[in-house]
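Order-wise, the sequence lines are chains A and B. So the first sequence is numbered by the numbering used here: it starts at 859 and just counts up by one. So the second sequence is numbered by the numbering used here: it starts at 859 and just counts up by one.
Some clues are possibly wrong.
The list makes no distinction among identical chains, and a pair is therefore deemed to hold if it is satisfied within one copy or across any two copies.
Unchecked claim - Below 30 angstroms or equal to it, Euclidean Cα-Cα: the simulated DSBU-like pairs (lysine-lysine) are:
1. K979 <-> K1003
2. K942 <-> K979
3. K881 <-> K1047
4. K860 <-> K1058
5. K881 <-> K955
6. K881 <-> K897
7. K1003 <-> K942
8. K1058 <-> K1003
9. K860 <-> K881
10. K955 <-> K899
Hints were generated in silico from the structure; no laboratory data involved.
Number of protein chains: 2
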Amino acid sequence: MKALVLFSGGVDSTTCLGMAIEKYGREQVTALSVFYGQKHKKEMEAAKQIAVYYQVEHLQLDLERIFQYSNCALLSHSDQDIPKEDYASQIADAEGKPVSTYVPFRNGLFLASAASIGLSKGCDVIYYGAHRDDAAGAAYPDCSKEFYQAMNQAVLEGSEGQIRLEAPFIEWTKAEVVRKGLEINVPFKMTWSCYLGGEKPCGICGTCRDRAAAFAENGILDI
Amino acid sequence: MKALVLFSGGVDSTTCLGMAIEKYGREQVTALSVFYGQKHKKEMEAAKQIAVYYQVEHLQLDLERIFQYSNCALLSHSDQDIPKEDYASQIADAEGKPVSTYVPFRNGLFLASAASIGLSKGCDVIYYGAHRDDAAGAAYPDCSKEFYQAMNQAVLEGSEGQIRLEAPFIEWTKAEVVRKGLEINVPFKMTWSCYLGGEKPCGICGTCRDRAAAFAENGILDI
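This is chain A alone, in the form it adopts within the complex (with noise of 0.2 angstroms):
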């Protein structure tokens, strides 16, 4: 059994990929991770030292010209700033649709990517680190377990049932990724998560809010 892993460099996706090197050994999993133009390259920073670290093989791949006519507020050619509020209060002002910082259907992007390089390197399964937070009032719908199981269900029948997808933290908060992460030692130091690109995290961006909340509701400071 070998296993690609959707890997940004994130709390979630390292975790993510702490779970599948735990379950199927380091030599069968395979890092993958995406650029697509991004205000900053701290994310992709992070996740090549962690590869490292785990010794696992791992691929980057550029995709930042699918997005070249996207204005999301996170990426570099967007006019539109970071948002500095926390998601609930994005959420409210979003009405009902995704905030600004959705890359339009980017994690669908990113798992059929998957599933065409894990299918050419005979992989089974494709971890990918979305949780419930994420998806919580359709502010990222492409974390969402409805947006899951469609997405499985169309890589299953796109590859005739030789490779699947697995999101062990659908229906996790952030905190509940934190506290697994904790247990098998993932190096969460190592992780990025602000959407900024300064030399330390902003501290208030919504990632920034919700990664130091997560990290609280297990009772320590971020590390």
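Please build the complex by placing chain B on the supplied structure of chain A, with the hints as guidance.
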């Protein structure tokens, strides 16, 4: 209403493009052609000329790197030759698995890319020209109705219902696609189907045979 059409420059997708233009008007239609590392660029050249003929916006995307690990017979780096048998023989040889010209999850990847681009450009629908004959016997599982339905659900869920798929030929034979194309004056002379990149179509690869048969069923020689 705006439509994005997956457009290879072959018979099926050109008919699909013609239908979308009939329905939405050419100013509301964008054609998207994807190069994925084929052994030749004849399709892409045909696609460019047909887009000029129809006067539609034409986007081109290069996803060759995603398939660098695949040994599919259509790809330039593959050591497999294009089969010279008809699809029925190939399907029998494949014993319930996809044929050697199946590009791993290609249509899933193309549709996911189209969803990302279509959302960025404010499109409501993605057209693609998969038909029943291509799905027969699991030859190309990413042309099946089951795949289409699951992928449409994934696109709907992952975009919060902002964009959907439309596969008008999903229950049609290729002969029925050609009949429709003839009705709406699709410029079939400009299309390219052959898997090889010679000056003229080879006449013996699976897709050449299928094309000739589809025209013959309509009582005419290929035009």
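Structure-based check of all given hints:
1. K979 <-> K1003: both (27 angstroms within a copy, 26 angstroms between copies)
2. K942 <-> K979: Answer is between: at 26 angstroms across copies they meet the 30 angstroms cutoff, but 41 angstroms inside does not.
3. K881 <-> K1047: Only inside one copy: K881 and K1047 sit 23 angstroms apart there, 55 angstroms across copies, limit 30 angstroms.
4. K860 <-> K1058: Result: close neither inside a copy nor across copies, 35 angstroms intra and 43 angstroms inter.
5. K881 <-> K955: Between copies only: 28 angstroms across, 37 angstroms inside.
6. K881 <-> K897: Result: close neither inside a copy nor across copies, 34 angstroms intra and 39 angstroms inter.
7. K1003 <-> K942: within (27 angstroms within a copy, 44 angstroms between copies)
8. K1058 <-> K1003: neither (32 angstroms within a copy, 49 angstroms between copies)
9. K860 <-> K881: Cα proximity of K860 and K881: one copy only (10 angstroms, versus 46 angstroms across).
10. K955 <-> K899: For K955 and K899, only the intra-copy Cα distance (27 angstroms) is at most 30 angstroms; the inter-copy one is 40 angstroms.
Comparing the model with each numbered hint stated earlier shows that hints 4, 6, 8 do not hold.
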